[in-house]
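J.: From first to last, the protein sequence lines are chains A and B. In terms of the numbering used here, the first sequence opens at residue 18 and continues consecutively. In terms of the numbering used here, the second sequence opens at residue 2 and continues consecutively.
Keep in mind the hints are simulated off the structure, nothing from the lab. A quick note: this is a predicted structure, and the numbers were derived from the prediction, not measured. From the three backbone atoms N, C-alpha and C, an ideal C-beta is built for every residue, glycine too. Treat each hint with caution, since some may be false.
As the list claims (entries may be wrong) - Covered, in the sense of this in silico footprint (three residues per stretch, anywhere, with C-beta under 8 Å from a C-beta of chain B), are these stretches of chain A:
| id | segment |
| --- | --- |
| 1 | 19-30 |
| 2 | 36-45 |
| 3 | 53-59 |
Claimed, not checked - Computed beta-carbon distance windows for the label pairs:
| id | chain 1 | residue 1 | chain 2 | residue 2 | range |
| --- | --- | --- | --- | --- | --- |
| 4 | B | G465 | A | A35 | 29 to 37 Å |
| 5 | A | D19 | B | A290 | 53 to 61 Å |
| 6 | B | T708 | A | A35 | 51 to 59 Å |
| 7 | A | L27 | B | H101 | 43 to 51 Å |
| 8 | B | S524 | A | L27 | 54 to 62 Å |
| 9 | A | A35 | B | L258 | 50 to 58 Å |
| 10 | A | P26 | B | D772 | 22 to 30 Å |
| 11 | B | R193 | A | L24 | 55 to 63 Å |
| 12 | A | R57 | B | R259 | 41 to 49 Å |
| 13 | A | R57 | B | D153 | 35 to 43 Å |
| 14 | A | T45 | B | D32 | 47 to 55 Å |
| 15 | A | L24 | B | G222 | 51 to 59 Å |
| 16 | B | A591 | A | R46 | 54 to 62 Å |
Said to hold, decoys possible - Partial pick of chain B residues on the chain A-facing surface, computed with a CB cut under 10 Å:
| id | residue |
| --- | --- |
| 17 | A117 |
| 18 | V138 |
| 19 | L140 |
| 20 | L211 |
| 21 | L225 |
| 22 | H227 |
| 23 | V237 |
| 24 | A375 |
| 25 | L667 |
| 26 | R668 |
| 27 | L672 |
| 28 | D673 |
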Amino acid sequence: MDVIWLLIPLSVVLVLLAVRAFVWAVRTRQFDDLDREASRILFEESSQSGQQPEDQRHD
Amino acid sequence: MSALARRLHHDAAADSEACFHCGLPVPPGLDIEVSVNGRSKAVCCHGCEAAVQFIHSAGLDDFYRLRQAPTGHRPGEGIAADPSAFADPTIAAQYLERDHSGRAHGSMALDGVGCAACAWVLEHGLAGLPGLHQVSVDLANGRLSASWDANDDDEAARGLTRLLAGINALGFDAVPAQPAEELALHEQQRRRSLTAIGIAGIGAMQVMMLAIADYAGLFSGMALDHRALLIWAQMVLTGVVVAFGAQAFFRTAWHTLRAGRMGIDVPVALAIGLGWGVSALVVLSGGIARGEHVYFDSVAMFTFFLLLGRHLEQSVRHRFARADARLDALLPAAVTRIDSEGQRESVLPMQLRAGDHIEIPPGGIVAADGRVLAGHSDIDRAALTGESSPLSVAPGCDIAAGSRNGHARLRLEVLRPAANSALAAIPQLLARARAQRPQSLHVADRVAGFIVAAVLVIAAVTAGAWWFIDPARVLPVTLATLMVTCPCAFALATPVTLTAATLRLRRLGVLLVDPTALERAQSLVAAFFDKTGTLTEPGTLRCEAVTAGTEAECVNMAVALEQDVPHPLAVAFRRLPVSHRYDLEHHRVAAGAGVEAIVDGKRWRLGRPNWAASVNPDPAAAGEDGIWLTEAGALRARFHFDALPDHSALRGERLRSGARETVSRLRARGLDTAIISGDSHDRVQAVAEQLGITHWWAGVDPASKYTLLQEARKNGGALYVGDGLNDAPALGGAGVAIAMASACDFTRSAADVIVLDDRLEAVIDLLDGADRTRRIIRQNLLWAISYNLLAMPLAVTGMIAPWAAALGMSASSLLVLANAARLLRQSHRPRESSREALAWT
Numbered sequence: 018m019d020v021i022w023l024l025i026p027l028s029v030v031l032v033l034l035a036v037r038a039f040v041w042a043v044r045t046r047q048f049d050d051l052d053r054e055a056s057r058i059l060f061e062e063s064s065q066s067g068q069q070p071e072d073q074r075h076d
Numbered sequence: 002m003s004a005l006a007r008r009l010h011h012d013a014a015a016d017s018e019a020c021f022h023c024g025l026p027v028p029p030g031l032d033i034e035v036s037v038n039g040r041s042k043a044v045c046c047h048g049c050e051a052a053v054q055f056i057h058s059a060g061l062d063d064f065y066r067l068r069q070a071p072t073g074h075r076p077g078e079g080i081a082a083d084p085s086a087f088a089d090p091t092i093a094a095q096y097l098e099r100d101h102s103g104r105a106h107g108s109m110a111l112d113g114v115g116c117a118a119c120a121w122v123l124e125h126g127l128a129g130l131p132g133l134h135q136v137s138v139d140l141a142n143g144r145l146s147a148s149w150d151a152n153d154d155d156e157a158a159r160g161l162t163r164l165l166a167g168i169n170a171l172g173f174d175a176v177p178a179q180p181a182e183e184l185a186l187h188e189q190q191r192r193r194s195l196t197a198i199g200i201a202g203i204g205a206m207q208v209m210m211l212a213i214a215d216y217a218g219l220f221s222g223m224a225l226d227h228r229a230l231l232i233w234a235q236m237v238l239t240g241v242v243v244a245f246g247a248q249a250f251f252r253t254a255w256h257t258l259r260a261g262r263m264g265i266d267v268p269v270a271l272a273i274g275l276g277w278g279v280s281a282l283v284v285l286s287g288g289i290a291r292g293e294h295v296y297f298d299s300v301a302m303f304t305f306f307l308l309l310g311r312h313l314e315q316s317v318r319h320r321f322a323r324a325d326a327r328l329d330a331l332l333p334a335a336v337t338r339i340d341s342e343g344q345r346e347s348v349l350p351m352q353l354r355a356g357d358h359i360e361i362p363p364g365g366i367v368a369a370d371g372r373v374l375a376g377h378s379d380i381d382r383a384a385l386t387g388e389s390s391p392l393s394v395a396p397g398c399d400i401a402a403g404s405r406n407g408h409a410r411l412r413l414e415v416l417r418p419a420a421n422s423a424l425a426a427i428p429q430l431l432a433r434a435r436a437q438r439p440q441s442l443h444v445a446d447r448v449a450g451f452i453v454a455a456v457l458v459i460a461a462v463t464a465g466a467w468w469f470i471d472p473a474r475v476l477p478v479t480l481a482t483l484m485v486t487c488p489c490a491f492a493l494a495t496p497v498t499l500t501a502a503t504l505r506l507r508r509l510g511v512l513l514v515d516p517t518a519l520e521r522a523q524s525l526v527a528a529f530f531d532k533t534g535t536l537t538e539p540g541t542l543r544c545e546a547v548t549a550g551t552e553a554e555c556v557n558m559a560v561a562l563e564q565d566v567p568h569p570l571a572v573a574f575r576r577l578p579v580s581h582r583y584d585l586e587h588h589r590v591a592a593g594a595g596v597e598a599i600v601d602g603k604r605w606r607l608g609r610p611n612w613a614a615s616v617n618p619d620p621a622a623a624g625e626d627g628i629w630l631t632e633a634g635a636l637r638a639r640f641h642f643d644a645l646p647d648h649s650a651l652r653g654e655r656l657r658s659g660a661r662e663t664v665s666r667l668r669a670r671g672l673d674t675a676i677i678s679g680d681s682h683d684r685v686q687a688v689a690e691q692l693g694i695t696h697w698w699a700g701v702d703p704a705s706k707y708t709l710l711q712e713a714r715k716n717g718g719a720l721y722v723g724d725g726l727n728d729a730p731a732l733g734g735a736g737v738a739i740a741m742a743s744a745c746d747f748t749r750s751a752a753d754v755i756v757l758d759d760r761l762e763a764v765i766d767l768l769d770g771a772d773r774t775r776r777i778i779r780q781n782l783l784w785a786i787s788y789n790l791l792a793m794p795l796a797v798t799g800m801i802a803p804w805a806a807a808l809g810m811s812a813s814s815l816l817v818l819a820n821a822a823r824l825l826r827q828s829h830r831p832r833e834s835s836r837e838a839l840a841w842t
């Protein structure tokens with residue numbers, strides 16, 4: 018069971034990393050618009066067929 | 002009538018077919034169809050027809066497949082700005098920023114944008130505009146920001162007009178918006194609260210996991226040093242949660258204490274701070290070896306749930322507080338000034354000085370109080386004063402800023418700058434009303450101070466007593482006492498219930514902007530209503546007494562004649578269904594009389610009987626009312642509003658469908674009902690009689706409306722339902738302020754509650770919801786207090802171990818949560834408007 022001395026502190030470090038990653042995501046505005054990102058994949062796929070290359074400019 | 006029956010009734014009245022583009026009902030008899038993927042679909046107006054065609058031609062048909070709900074917005078019926086107003090470089094420059102790399106950046110407030118598909122169709126539909134560099138839609142705030150190539154102000158203005166025209170073509174409305182500081186602040190707050198939730202959430206889950214391992218170890222036996230490791234890990238993680246997640250609680254607690262008040266955040270901060278601090282003390286003093294308990298898991302979970310509740314409450318509040326409560330939001334973007342040499346220039350309304358000559362185009366908003374120098378027109382003051390019938394003006398008449406001009410161009414002399422107008426008084430009044438509003442205190446807030454003080458005193462006394470009885474047990478007993486008496490369940494009781502009630506009401510189409518309105522609803526003694534637009538809605542025209550030809554022909558002709566005429570009456574005509582469009586020649590508006598045009602060589606007129614039928618007036622009908630359609634002077638049809646029976650005074654308006662039921666049910670609840678309107682005596686009296694309301698005031702200005710509600714507050718407060726600009730101060734002064742969804746942003750920002758589908762019965766839903774919420778809050782508080790009181794003696798006498806106390810506290814909080822969740826389960830009413838509510842979220 019001595020491995021626990023490694024695993025528990027490691028889990029704490031991992032959690033802190035996860036928290037850091039989340040804070041980074043919020044700061045870089047990745048949570049600003051949740052409604053649209055959810056459906057973005059649908060739109061991008063279909064826009065390939067009918068659109069001019071211009072619409073790629075704003076991505 | 003049940004909700005379903007009411008809905009069906011409503012649908013039957015409005016016709017069941019919905020427009021393919023906007024989802025609003027297609028007027029009966031109207032026959033405009035568009036072809037989408039080979040199938041023809043009905044649309045409700047030519048604006049929608051054009052939007053569908055434009056979207057189709059741009060290859061963006063997926064919009065209709067992927068959107069969550071129809072837009073519910075007819076093109077041109079929203080905040081629409083006339084793109085040409087921004088063609089002037091000096092005006093456009095007010096809304097744009099140009100950077101050094103030759104690009105202009107602008108932001109527009111959008112109307113009619115509901116879901117991701119709307120944002121997508123806008124971004125892709127506009128992407129092809131020449132010179133456009135980047136365009137993105139911020140769905141949450143209803144803003145579009147764009148940048149385009151522009152080397153000088155001229156080019157920037159051209160880009161802006163092109164952009165606005167493009168947005169209109171796609172079937173949405175937009176006005177350029179100045180960068181809103183408030184908006185940026187909300188964004189920042191949202192991000193901060195999201196960060197806190199994330200930290201608390203991730204941390205709490207991990208702490209919980211370690212705690213479960215720890216509890217399991219209690220039963221299965223665990224080496225002491227392993228247990229210590231688990232607890233040390235919990236301490237570190239909970240420390241992070243407390244330091245970064247619970248920051249906000251400590252900050253507000255500190256601020257309220259420094260202001261000499263007691264707030265709900267004080268016990269919350271104390272519970273979190275003490276919980277962690279005392280547990281850490283146990284760890285550091287070697288309490289683990291003595292088998293003492295720690296409370297890191299409770300602290301972390303408590304912080305997380307509380308943050309989550311706060312976040313939900315805050316996002317609802319922000320969504321509708323986004324309107325700028327400023328004067329320039331109410332004025333046109335630009336106004337034409339004429340100098341002494343007759344030169345015209347576009348200036349900002351704020352630049353006008355007394356004595357300036359300005360020109361108001363037909364349909365334009367009057368930018369400053371002024372006196373008419375030239376022109377005859379009708380002025381619509383409904384938004385400003387609540388008067389529903391237009392006022393005829395001639396040279397010499399005074400006009401107030403904020404009125405909407407009718408059919409003819411007017412030249413005005415400015416009497417006073419816009420900042421001193423009656424219009425400017427409305428934002429000021431609202432600000433004053435808000436400042437004077439009594440600080441709304443939760444029941445919990447009022448007793449929180451007492452409870453916290455009591456907890457601290459009891460803990461101190463317990464600690465002191467045990468010092469003499471058995472010094473070794475001071476810490477565990479004091480801790481158990483603190484845990485048992487911790488007002489966690491008590492602190493949760495109110496916010497959790499209010500959050501659940503907010504969600505439930507949302508499903509019913511009632512958007513609660515300020516959940517504390519539910520608490521204020523209990524002391525209401527009266528319900529006051531605005532008339533125009535609240536108790537009444539614009540009536541529909543009926544075509545009667547056709548003397549020749551079919552009714553459809555007459556309606557077609559009348560609608561054709563009223564096309565492009567900026568007059569309230571013309572708007573009513575344009576709502577009528579048409580099946581054929583005529584080509585007009587010599588189309589002109591005769592001020593105060595009607596409209597005329599030549600069609601197929603014959604002169605058609607629509608207007609007052611004695612003007613329209615000038616050739617051969619029928620003597621029997623000479624005294625008749627209504628609007629006549631004549632062909633070469635001969636009567637073809639008469640148009641009437643379906644006004645209230647026996648009340649010709651109410652031309653152009655009719656009661657909203659639920660008005661009668663709402664008023665009678667309010668009265669059944671023991672509330673006094675009254676109408677406070679800015680409209681004329683006759684009209685208000687007519688509505689009051691129809692609804693059986695005995696108290697009513699007519700011709701009331703915004704300031705007096707506010708005073709009336711202030712008076713009512715002395716007796717316990719009044720509910721106020723309104724929709725006009727002139728209602729904003731009254732809403733600010735009301736006990737519970739309710740705005741119709743059709744109200745302008747400014748008015749909505751003054752309200753506690755917004756009725757999403759303009760359904761008056763929502764007032765009853767709100768009061769019912771408030772009753773139920775109050776009951777559940779009371780149960781929760783009662784439970785929390787009695788649990789604390791019952792368990793406290795046991796804890797003080799050392800009969801409860803700290804771990805049992807913590808378990809009891811968590812169970813008590815969970816019970817409160819479960820009780821609040823009952824509010825959500827009880828909404829099984831089948832409601833169509835959940836779809837509309839969705840489009841609003």
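J.: Each hint needs a verdict: does it hold in this structure or not?
T.: Hint by hint, here is what the structure shows:
Evaluation of the coverage hint for the segment 19-30 of chain A: fulfilled, as 6 residues show C-beta separations to chain B shorter than 8 Å, against a requirement of three. With 5 residues having a beta carbon nearer than 8 Å to a beta carbon of chain B, the segment 36-45 of chain A meets the requirement of three or more and the stated coverage holds. Beta-carbon proximity to chain B at under 8 Å applies to 5 residues in the segment 53-59 of chain A; the threshold of 3 is reached and the given coverage holds. The hinted window of 29 to 37 Å between B/G465 and A/A35 is violated, with their beta carbons roughly 44 Å apart.
For A/D19 and B/A290, the hinted distance range of 53 to 61 Å is not satisfied, since their beta carbons lie about 20 Å from each other. Taking 51 to 59 Å as the suggested C-beta distance range, the pair B/T708 and A/A35 conforms, at roughly 57 Å. The hinted range of 43 to 51 Å is satisfied by A/L27 and B/H101, whose Cβ atoms lie roughly 50 Å apart. As the Cβ distance of B/S524 to A/L27 is approximately 57 Å, the hint placing it in 54 to 62 Å holds.
A/A35 and B/L258 have their C-beta atoms about 34 Å apart, which leaves the hinted 50 to 58 Å range violated. The hinted window of 22 to 30 Å between A/P26 and B/D772 is violated, with their beta carbons roughly 53 Å apart. One distance hint, 55 to 63 Å for the beta-carbon pair B/R193 and A/L24, is violated here, with the actual separation near 33 Å. Take A/R57 and B/R259: their Cβ atoms lie about 46 Å apart, and the range 41 to 49 Å holds.
Here the CB-CB span from A/R57 to B/D153 is close to 36 Å, well matched to the stated 35 to 43 Å. Taken as a hint, the range 47 to 55 Å holds for the pair A/T45 and B/D32, whose Cβ atoms sit roughly 52 Å apart. At roughly 20 Å, the beta-carbon separation of A/L24 and B/G222 lies outside the given 51 to 59 Å, and the hint is violated. A hinted range of 54 to 62 Å holds for the C-beta pair B/A591 and A/R46, which are about 57 Å apart.
Of the supplied interface hints, the one on B/A117 holds, with its beta-carbon coming within about 4 Å of a beta-carbon of chain A, less than 10 Å. Given the 10 Å rule on beta carbons, the hint for B/V138 holds: about 8 Å separates it from the nearest Cβ of chain A. The closest approach between the C-beta of B/L140 and any C-beta of chain A is roughly 6 Å, which is under the 10 Å cut-off, so the hint is satisfied. Because the closest C-beta pair between B/L211 and chain A is about 8 Å apart, less than 10 Å, the hint holds.
With a cut of 10 Å, the hint placing B/L225 at the interface with chain A is violated, because the nearest CB-to-CB distance is about 13 Å. Interface restraint check for B/H227: the shortest CB-CB distance to chain A comes to about 6 Å, inside 10 Å, so the restraint holds. For the restraint placing B/V237 at the interface with chain A, the shortest Cβ-Cβ distance is roughly 6 Å, inside the 10 Å limit, so the hint holds. A cut of 10 Å between beta carbons decides the hint on B/A375: the least distance to chain A is about 48 Å, and the hint is violated.
A cut of 10 Å between beta carbons decides the hint on B/L667: the least distance to chain A is about 37 Å, and the hint is violated. Among the interface hints, the one on B/R668 is violated; its C-beta lies about 42 Å from the nearest C-beta in chain A, farther than the 10 Å criterion. A cut of 10 Å between beta carbons decides the hint on B/L672: the least distance to chain A is about 39 Å, and the hint is violated. Checking B/D673 against chain A by beta carbon gives a least distance of about 43 Å; that is not within 10 Å, so the hint is violated.
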